[in-house]
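Undergrad: Positions 231 to 279 (our numbering) are the ones given, in order, by the sequence shown.
It is possible that some hints are incorrect.
[What the hints assert, rightly or not] Computed Cβ-Cβ distance ranges for the label pairs, DEER-style:
1) 262 - 235: 38 to 44 Å
2) 258 - 238: 29 to 35 Å
3) 255 - 235: 28 to 34 Å
4) 240 - 260: 36 to 42 Å
Don't read these hints as lab results, they were simulated from the structure.
Glycine included, every Cβ here is placed at the ideal spot set by N, Cα and C.
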Amino acid sequence: MPQMAPLWWTSLFMMFILSYMMINMMMYFNMKHVTKKIKMKFINMNWKW
């Protein structure tokens, strides 16, 4: 049915955009968390020395 094609492509495009944004957000917050952990490890090493 050609009447449904634009809605289908719009929903597909929106799903791709939303999944891309979610992956980017997850990677960003994961990197933030890892950098915090690394900084804490460095602080602990300085304390030991």
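Undergrad: For every hint, state whether the structure bears it out.
TA: Checked hints:
Checked against the given bound of 38 to 44 Å, the beta carbons of residue 262 and residue 235, roughly 41 Å apart, stay inside it. Separation of residue 258 from residue 238 is about 31 Å and conforms to the stated range, judged on CB atoms against 29 to 35 Å. A hinted range of 28 to 34 Å for the beta carbons of residue 255 and residue 235 is consistent with their spacing of about 30 Å. A hinted range of 36 to 42 Å for the beta carbons of residue 240 and residue 260 is inconsistent with their spacing of about 30 Å.
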